[in-house]
Amino acid sequence: RQAILESKLRVQAMAIIQRKLYDSTHLTTLNLADFIPEIAENALAACGFAGITKRFDIAPIRLNVDQTIPVGLIITELIVNGSKYAFPNNHAPCLTIDCTQSEQTIRLQLADNGSEDFMEEDQFGLTIRQHQQNSTSFGSQLIALQVQQLYGTYQYKHRESGTEFSMKFSV
278 RQAILESKLR
288 VQAMAIIQRK
298 LYDSTHLTTL
308 NLADFIPEIA
318 ENALAACGFA
328 GITKRFDIAP
338 IRLNVDQTIP
348 VGLIITELIV
358 NGSKYAFPNN
368 HAPCLTIDCT
378 QSEQTIRLQL
388 ADNGSEDFME
398 EDQFGLTIRQ
408 HQQNSTSFGS
418 QLIALQVQQL
428 YGTYQYKHRE
438 SGTEFSMKFS
448 V
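The sequence shown maps to residues 278 to 448 in this note's numbering.
Some clues are possibly wrong.
Unchecked claim - Cβ-Cβ distance ranges computed for the label pairs, FRET-style:
{"#": "1", "residue 1": "Q425", "residue 2": "T330", "range": "28 to 34 Å"}
{"#": "2", "residue 1": "Q381", "residue 2": "L282", "range": "33 to 39 Å"}
{"#": "3", "residue 1": "G328", "residue 2": "A292", "range": "22 to 28 Å"}
{"#": "4", "residue 1": "Q295", "residue 2": "T430", "range": "24 to 30 Å"}
Said to hold, decoys possible - No more than 16 Å apart at the CA atoms, straight line, and that leaves these computed lysine to aspartate or glutamate pairs for EDC-like:
{"#": "5", "residue 1": "K331", "residue 2": "D375"}
{"#": "6", "residue 1": "K297", "residue 2": "D311"}
{"#": "7", "residue 1": "K297", "residue 2": "E315"}
{"#": "8", "residue 1": "K331", "residue 2": "E441"}
{"#": "9", "residue 1": "K445", "residue 2": "D375"}
{"#": "10", "residue 1": "K331", "residue 2": "E318"}
{"#": "11", "residue 1": "K445", "residue 2": "E380"}
{"#": "12", "residue 1": "K297", "residue 2": "D343"}
{"#": "13", "residue 1": "K285", "residue 2": "E318"}
{"#": "14", "residue 1": "K331", "residue 2": "E315"}
Worth flagging that the hints you see were computed from the coordinates, not collected in a lab. For every residue, glycine included, the Cβ atom is placed at its ideal position computed from N, Cα and C.
Construct the entire structure; sequences and hints are all you get.
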């Protein structure tokens, strides 16, 4: 049942991107500030966390479709993971998504304030959630493949409270 929900969310993320393209005067590019919040809200609602605190700080960056689809899928996967591990049993769950551009580099950060129950250090000394370290899970593989498709880099790291996913890629 969970796998079906996750597959449905991936399809919905792509559908949101397609609808935004058709509604736009630009048929080949999308503004990240226009579609990231909608994808996040949709995924949170489907996972039962529509009412959590959300903070979006997304610069008006235009990307082509070949880049927006991987970004949408990555955000969806990360929210599904947060809904499984960060938000349950959290008295004040919060999701933050920041996206900035510096010259030709896009930096996307998604952070939650989840518990440390699933934390451990990886081989590089970074504190990550155990479920995210399992690179054999479909979600982890999908994130890695989508970042690779963007020719980007990413990492997970522990913050004071929660986990932060950070990705950089060029436009």
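Results of checking the hints against the structure:
1. Q425 - T330: 28 to 34 Å: The hint (28 to 34 Å, Cβ to Cβ) holds, given that Q425 and T330 are roughly 32 Å apart.
2. Q381 - L282: 33 to 39 Å: Holds, since Q381 and L282 (Cβ atoms, about 36 Å apart) stay within the stated range.
3. G328 - A292: 22 to 28 Å: holds, 23 Å
4. Q295 - T430: 24 to 30 Å: Because 28 Å falls inside the window, the suggested range holds.
5. K331 - D375: holds, 11 Å
6. K297 - D311: OK: K297 and D311 at ~8 Å, within 16 Å.
7. K297 - E315: holds, 10 Å
8. K331 - E441: holds, 14 Å
9. K445 - D375: At roughly 12 Å apart (the allowed maximum being 16 Å), D375 and K445 satisfy the hint.
10. K331 - E318: Since the Cα atoms of K331 and E318 sit roughly 9 Å apart, the hinted pair holds (cutoff 16 Å).
11. K445 - E380: holds, 12 Å
12. K297 - D343: holds, 14 Å
13. K285 - E318: holds, 14 Å
14. K331 - E315: The hint holds at about 12 Å.
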